[in-house]
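In the order they appear, the protein sequences are chains A and B.
Counted from 1, the first sequence has number 398 at position 398 by this note's numbering; the numbering is strictly sequential.
Counted from 1, the second sequence has number 399 at position 399 by this note's numbering; the numbering is strictly sequential.
Note that these hints are calculated values from the structure, not bench results.
Treat each hint with caution, since some may be false.
Since copy identity is lost for identical chains, a pair holds within one copy or between any two.
Stated by the list, open to error - 16 Å max Cα-Cα, derived EDC-like pairs, lysine to aspartate or glutamate: (1) K7 <-> E143; (2) K28 <-> E9; (3) K258 <-> E339; (4) K319 <-> E332; (5) K405 <-> D86; (6) K361 <-> E386; (7) K331 <-> E395; (8) K331 <-> E71; (9) K192 <-> D232; (10) K322 <-> E339; (11) K218 <-> E240; (12) K218 <-> D141; (13) K331 <-> E70; (14) K405 <-> E289; (15) K75 <-> D333; (16) K21 <-> D214; (17) K50 <-> E71; (18) K405 <-> E240; (19) K361 <-> D152.
2 protein chains.
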Amino acid sequence: MRPIEFKVEKKEGIARAGILKTPHGEIKTPAFVPVATKADVKGVEPTKYKDLGIQTVICNTYHLYLSPGEELIAKAGGLHQFMGFDGPLITDSGGFQVFSLGEGFGKGVSKFLPEHVSEDDVVTVYDEDVASQHGKLAIVDEEGVTFTSHVDGSLHRFTPERSVEIQQKLGSDIFFAFDQCTAPTSPFEFQKEAMERTHTWAKRSLKAHRQNIDANNKQAIYGIGQGGPYDDLRRQSAREIGEMGFDGFGLGGSFSRKYGDNSLQSALNMLTELPEGMPVHGLGVSEPEDILLGAAHGVDTFDGVTPTRNGRTGGIFTKRGKIQIPNAEFKEDFSPLDEGCECPTCQHHTRAYVHHLFRTKELLGPVLASMHNIYFLTHLTTQIRESILNGNFNEFHDTFLAQYKQ
Amino acid sequence: MRPIEFKVEKKEGIARAGILKTPHGEIKTPAFVPVATKADVKGVEPTKYKDLGIQTVICNTYHLYLSPGEELIAKAGGLHQFMGFDGPLITDSGGFQVFSLGEGFGKGVSKFLPEHVSEDDVVTVYDEDVASQHGKLAIVDEEGVTFTSHVDGSLHRFTPERSVEIQQKLGSDIFFAFDQCTAPTSPFEFQKEAMERTHTWAKRSLKAHRQNIDANNKQAIYGIGQGGPYDDLRRQSAREIGEMGFDGFGLGGSFSRKYGDNSLQSALNMLTELPEGMPVHGLGVSEPEDILLGAAHGVDTFDGVTPTRNGRTGGIFTKRGKIQIPNAEFKEDFSPLDEGCECPTCQHHTRAYVHHLFRTKELLGPVLASMHNIYFLTHLTTQIRESILNGNFNEFHDTFLAQYKQ
C-alpha cells in the first residue's frame, strides 16, 4: 500500500486534473506549491495559507539540515509540528542546492578532497575563482557529495542514504531521491554521466527508504529524472526512474522556456515514457507560461521561488504580464495590483499603496506583494484544473497566454 | 456636537474603562494603539488587525506629508481608503518628529535660516556635528518649524495651520495639535518657553481647524500638554490646554519610568487638572509597566513603537518580562512565545521555530514577533479594562507587575 494515492479525475489531451491523497490531506491538481526553503514561505504567515490557495509547500533538506538540523525538527515532532502547518508537506532532496554550490558555477580544481575520495573519482569540482569569491565548494564523487556550508563554511557530506535519513526525520509526506542536478549548458558526456549517477543514487535512495520503514510508512518518495537538453537521455531517464517503483516522478534539471526549446521539449517528452497515472512534479517551475505548458503536458504539481523572489523586490504578476510596482507610473494608480484578483492584498489595497510601501522601504510591501504573487499562481493552477474538468483547457490556455503576453 | 463622544463606563480610583465613539467605530478603553507611521503597522497585514485586538492605529503626519504626500492620500479618498483600514484612525501632528530631528539631539549653531526668520528668533537649533552626521536639521521659531527631509534633504516648513491642513486632508478620526516637544533633560526656562509656544500653537491649531470645518465635521482634535519634569508647568499646561475646547488631551513629552520619577509623576499629575471626562491619550507610551501606570492614573489610550521595534530584533513580551528569542537558550524550547497567549503566533508556533526564523534571517521572524508583541499590549489593555469593569483593577495591577518583574 503506497502512502499516497493519485487519482486522475479527467483528462483533456494529456493535460489532467487529479487528486493526490497524502497522509496530511488532499492536493487537488494541477497545483502550485510555494517554496518554504527554511520551513517558512518568506514573509507569509501560515494562518494566511488557506486564503492564498496554498494546499502544500515544499521545504529544503539542505537548508533544514544545516539549520536548525533534522534532529531538532524530529524533537519538535517533525516538520509539520515544527512549522505549525498541518497540511501536506514536500521536501526537496538537497540535490539542487548542492548543484548550485558546485557544478552550477562551472568546473575547476578542487581545493580539498574528502579522505576516502581520490583525485580520479572527482567528477565535478568547483571553480576556484568562484569558490574564493563565494566561499562555497561542492565535490561530487560516485558515493555522494562533499560540500561546505554556505552559513559557516563547515564541511558536510550528503549521500543518497544520508538524504533519505534526514528526510525521514523531517517527516514530509512526499520527499525526493537525492539526484545530481546539471546545468542545461553542460556537454552530452557530462549529462550522461550525471544521469547515470542519478539513477544509481535513485536506487540507493529507494533501498535506503524501504530498509527503514514498516507497514505504517507515511512518506512517499519521488525519483528525479535528468538528462539535460538531450531527448534520448531524458527519455531513458524517465523509463529507468519510472520502472524503479517510486511513488511519483520529479522532472529535474532545467524545465523552462528560458533554457530554450530543445531543453524544454526534451524534458516534456519524459512524461510520455512514464507509467500511466504516476504523479509528476515539475521542480523549480514557477513562471506562469511554464506552468501552463507543463500542465498541458501532464505535469501535476509545480514549485518555484518566483512569487516570493519577485515579491521581495516589487515584481507583481498580473493577467497582462509582470509589472514592477515601485515604478513611478504606479504612484497614483488606485486600482488593485491585478484587476479582478481575489487575493487578500487586492481585496484591501491599491497599487498606489503597495508602491508607497516599497518606496518607503516598509516590510509590509514585500509581504503584500508575495501574498498576491502566490495567490496568482495557485489561482492559475486552480483555473487550469477547472478548465480541464470543464473540458475547455485549450481555450483557457490560449486566452491566458494571449492576454499575458500583452 | 463633537465628532467623537467619550463615555466613562466605570471607574476604580481614577482608573477608568470607557467607550470612545468615533466616525469609524468605537474604541473600548483603555486601549493600546499600534503605531502605523507610514500608513502601515510594520510587517502586520491589515486583515490580521482584528485577530491582534487592534481597534485603531496612529499614523504620522510628518512621514505621510513627505511620502506619499497628503494630496495623494486625499486623492485616494483619505487615509482610511489609502491604507485599506475602515476602523478609527489617529494621526500624530509631526511635532515629535520635528523634535527628534532638531532639539532632540541638542543645541548648536544653525547652518541655514528660513528667509523670514532672524537669528534672534531662533530658539532651537541643531547641533552641527549631529547635523553633518545625519544630514538633518530643524529650527523652531515662534511661527513654526523649518526642517530638512530625512528622505532627500529637501527644505520644508510646518506651522500649526499647515499641520492641521495636512491632517484634515489625511482625514483621520482624531488628530493632534502641532506642539513643541522637549527632552526631559532640558532646563526649566526652555521647558517653560516650549510649553508657552505649544499653548500658542494649540490655540492656532484649534482656530485653523474650526475655520475649515462645517457642521458635518468628522475629525476630532486633541491638544497636547507639555512642561517636562516640572510639576508647576505640567499642571499649568493641563489647565490651559484643558480649557481651550479640544476634543481630547494628549499627554506630551516624555512619560515613562525611564525618565525618572519626577518626570513621570509630574506628567501624571496633569490629569487631575483636566475637565472631567475628557479623553486622554498617552503619546509614545508602550512599555507594559508604563501602560499599567498610565491606566491607573486615568489615561485612556496609549501608542508606541515598542512592539514592532522590539519585534524586528527578536525582543518578545511575555508575562514574566521581555525575552530575546534569538538567544541560544530558546533553540529547543517548544513552548509558545508566552505560555497561555492566544495570539496567532502563539497559537501556531513555538519559541524554537521563531528562534530558527531569526537565526536564519527569515522575514517571517519579525512578522511573527511583531504580531505577538502587539497582541500582548492590546490584550494587556483589554485585561485592564475588564478588571476595572469587574472592580478588581488594583489586584490585576499588582499581580501583573509582580510577575512581570521576575
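Hint by hint, here is what the structure shows:
no.: 1; hint: K7 <-> E143; in the structure: neither (36 Å within a copy, 76 Å between copies)
no.: 2; hint: K28 <-> E9; in the structure: within (10 Å within a copy, 53 Å between copies)
no.: 3; hint: K258 <-> E339; in the structure: neither (27 Å within a copy, 50 Å between copies)
no.: 4; hint: K319 <-> E332; in the structure: neither (20 Å within a copy, 44 Å between copies)
no.: 5; hint: K405 <-> D86; in the structure: neither (37 Å within a copy, 37 Å between copies)
no.: 6; hint: K361 <-> E386; in the structure: neither (38 Å within a copy, 38 Å between copies)
no.: 7; hint: K331 <-> E395; in the structure: neither (35 Å within a copy, 52 Å between copies)
no.: 8; hint: K331 <-> E71; in the structure: between (48 Å within a copy, 12 Å between copies)
no.: 9; hint: K192 <-> D232; in the structure: within (10 Å within a copy, 87 Å between copies)
no.: 10; hint: K322 <-> E339; in the structure: within (13 Å within a copy, 44 Å between copies)
no.: 11; hint: K218 <-> E240; in the structure: neither (25 Å within a copy, 73 Å between copies)
no.: 12; hint: K218 <-> D141; in the structure: neither (31 Å within a copy, 73 Å between copies)
no.: 13; hint: K331 <-> E70; in the structure: between (46 Å within a copy, 13 Å between copies)
no.: 14; hint: K405 <-> E289; in the structure: within (9 Å within a copy, 58 Å between copies)
no.: 15; hint: K75 <-> D333; in the structure: between (49 Å within a copy, 10 Å between copies)
no.: 16; hint: K21 <-> D214; in the structure: neither (20 Å within a copy, 63 Å between copies)
no.: 17; hint: K50 <-> E71; in the structure: neither (29 Å within a copy, 37 Å between copies)
no.: 18; hint: K405 <-> E240; in the structure: neither (38 Å within a copy, 65 Å between copies)
no.: 19; hint: K361 <-> D152; in the structure: between (29 Å within a copy, 14 Å between copies)
Of the hints listed earlier, those the structure fails to meet are numbers 1, 3, 4, 5, 6, 7, 11, 12, 16, 17 and 18, in rising order.
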